[in-house]
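K.L.:
Respectively, the protein sequence lines represent chains A and B. Under the working numbering, the first sequence has 79 at position 79, and the numbering climbs by one with no breaks. Under the working numbering, the second sequence has 144 at position 144, and the numbering climbs by one with no breaks.
Quick caveat, the hints were computed from the structure, so don't treat them as lab data. Among these hints, one or two may not hold up.
Claimed, not checked - Under the rule of at most 27 Å between Cα atoms (straight-line distance), these lysine-lysine pairs were calculated in the DSSO-like manner: (1) B:84 / B:141; (2) A:167 / A:23; (3) A:102 / A:167; (4) B:145 / A:86; (5) B:141 / A:86; (6) B:84 / B:43.
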Amino acid sequence: MGERTIPIRPAPSQTFEYLSTRKDELVGWARKFSLFPYPFVTACCAMEFMAVSSTPYDTDRFGAALPRFSPRQSDLLMVVGTVTHKQAPILLKVYEQMCEPKWVMAFGACATSGGFYQNYAAVAGIDRIIPVDIYVPGCPPRPETVIDGIMRLQDRIARSRHPIVTKDF
Amino acid sequence: MAAVTNLVQQGFASVASDTYLSHGMLVLVLPREALAATVATLKAEHGFDMLLDVTAVDWPEDALRFEVVWHLFSTRDLVRIRLKTRVAAQDPVVPSLCPLYGSADFLERECHDMYGIVFEGNPDLRPILLYEGFEGHPLRKDYPKQREQPLVPYRAGELER
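Chain B extracted, bound-state conformation (with noise of 0.2 Å):
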C-alpha cells in the first residue's frame, strides 16, 4: 500500500464518518459538509490533482438516497481514491468541484442528467448526453425501465406494434 494512502486515512480520520480499503483503493466516507475542503487539501497537499469520475448509486429504500462518487488520481504516486457522500432525495445538492479541476463540469452535468444530483457551484448544468426537455432522471431507479421520451413523433401505426 503506498505511503500516501496510510497518510491520507490517518490525516483525514476524523474528518471522515468512515475510512476503509476496498480492493486496495482507499474510500473515504464524507459528509457533505466536509467534501469541498477535503478536495482542496488532497489536491493541495497529498497530489491528487487529476478528476477521475464523478457519478451516484441511487438506494431507493434509504433515507439519504444518493451516494455521490468522486474518483481522484495522484499523477505524482499513481494512487487512487474514492470519496464517496450520502444525500437526500429531497435535497440532492452537493457542492461542484469546477474551482478545483476543469473536468468537473461535463462529469457533474453527465452525473446531473442521470441522477439529478444539483451541484452547487457548477456554472452551466445543461443536459450533456440528454436533451432539453427530457423528464426524470433515467438511471434512477424509479425511473420506468421502457419509458421513452421521442424527439420525432412516431409514424402512424408503429406505436401500437
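Here chain A stands alone, though its shape is the one from the complex (with noise of 0.2 Å):
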C-alpha cells in the first residue's frame, strides 16, 4: 500500500475572491440575460419574428435566443400579430401560465393597437387584456426596432426590484 499524498489546495489568492453587490443589481443582471421567449404567433408578423430569429441577428446576445413552447418555462411572451376576441381567452390562459417573473412584448401594430383592425373581430391592443411591459411599433416591426425592444426591456428589468424571498427582499 503505497502513501498517498493529499494535495493540498493553493491559498486562495487575494483578488476577486469576494464580490459585493445590491442584490437587485445582481439579479437583475442574471435575469436580463435569460429572457427565454414564448413566441404567440397569430398573423403576418411571424415573418418578421423569423427574420429577428435568425441568425443574422443573433438574439442569443441577449440571451432571447431559446424559444419556450411552453408557457410554464418562458420569461417573455411575445404576441406577435393581430389577436382577436375570439382568441383572447387563450392569450390569457397562456399568460396566466407563465412563472413569475414574467414580461409581455406587444409584437408590431396589431398587438399594439388593433392596427388598421377597429372592428368587431379584433381587440385594439393585447394591453386591454394583459398588462404589457414593451411595445414594438411597426407592420411589421424590422428586426432593428425589435432587438431596441429588447434592449429596452433589458434596461428596464436591470433597474427594477427583484423580491425573491420576501416583498421586501
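Hints in hand, dock the two standalone chains.
P.N.:
Encoded structure:
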C-alpha cells in the first residue's frame, strides 16, 4: 500500500475572491440575460419574428434566442400579430400559466393597438387583456426595432426591484 | 364565350328573372323557389360540379334586403357561373346546397355568421368564424362599426382610454 499524497489546495489569491453588490443588481443582471421567449404568433408579423430569430441578428446576445414552447418555462411573452376576440381567452390562459417573473412584449402594430383592425373581430391592443411591458411599433417591425425593444426591456429589468424571498427582499 | 354559357343562358331564361353577363361571367338572378332545382340541373346536366363561394350583399334600403350569391365552377369546361337570389329581412331563408355540395356546409355557416341568412336544410349552423354568444351579424350594414363583444373582460381602466 503506497503512501498517498493529498494535494493541498493552493492558498487563495487575494484578488477577486469576494464580490459585493446590491442584490437587485445581481438578480436583475442575471434575469435580463435569460429572457426565454414564448412566441404567441398569430399573423403576418411571424415572418419578421423568423427574421429576428435568424442567425444574422443573433438574439442570443441578449439571451433571448431560445424559444420555449411551454409558457411555464418562459419569461417573455412575445405576442406577434393580431389577437381576435375569439382568441383572447387563449392568450389570457397562456399569460396566466407563465411563472413570475414574466414580461410581455407587444410585437407590431396589431398587438399594440389593433393596427388597422378597428372592428368587431380584433382586440384593439393586447393591453386591454394583459399588462404589457414593451411595445414594438411597425407593421411589421424591422428586426432592429425588435432588438431595440429587447434592449430597452433589459434596461428596465436591470433597473427594477427583484424581490426573491419576501416582498421586501 | 363558352358554349355552355350560351346553353345555360338560353335554358334558364324562363326560370330566371334576369340573366346577364358580368365581366364575361354568366349571372342568373333567380327567385328563391327555383334555386335548388336550378343548381341541381346545373350540376347534373351542365357539369358545374364545384361550389366556390356562398356570400351575401346587404341593401338596407330595399324591401328584399339581402342578395344571396353563389358561385359555381365547372371543372369540365373551366367556366364559372353566378347565381343570385333576393330575400327579405323578416324572412332571410334560402335552401341549403349541402345535399349537392359538401363544401356548402362551411360556406353557409360563414354566411349565416356574417349576414344572418338561414340556410334551410343545413344540419349545423353553429358559428364558425364568430363565437357562441355573439349578438348580431357583423357584415350587415346596421351593425355598428366599432361595436366589440369581448370574451375576456377588459382590465380596469383600459376601457376609458
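K.L.:
Need the list of violated hint numbers for this structure, in ascending order.
P.N.:
Failing hints: none at all.
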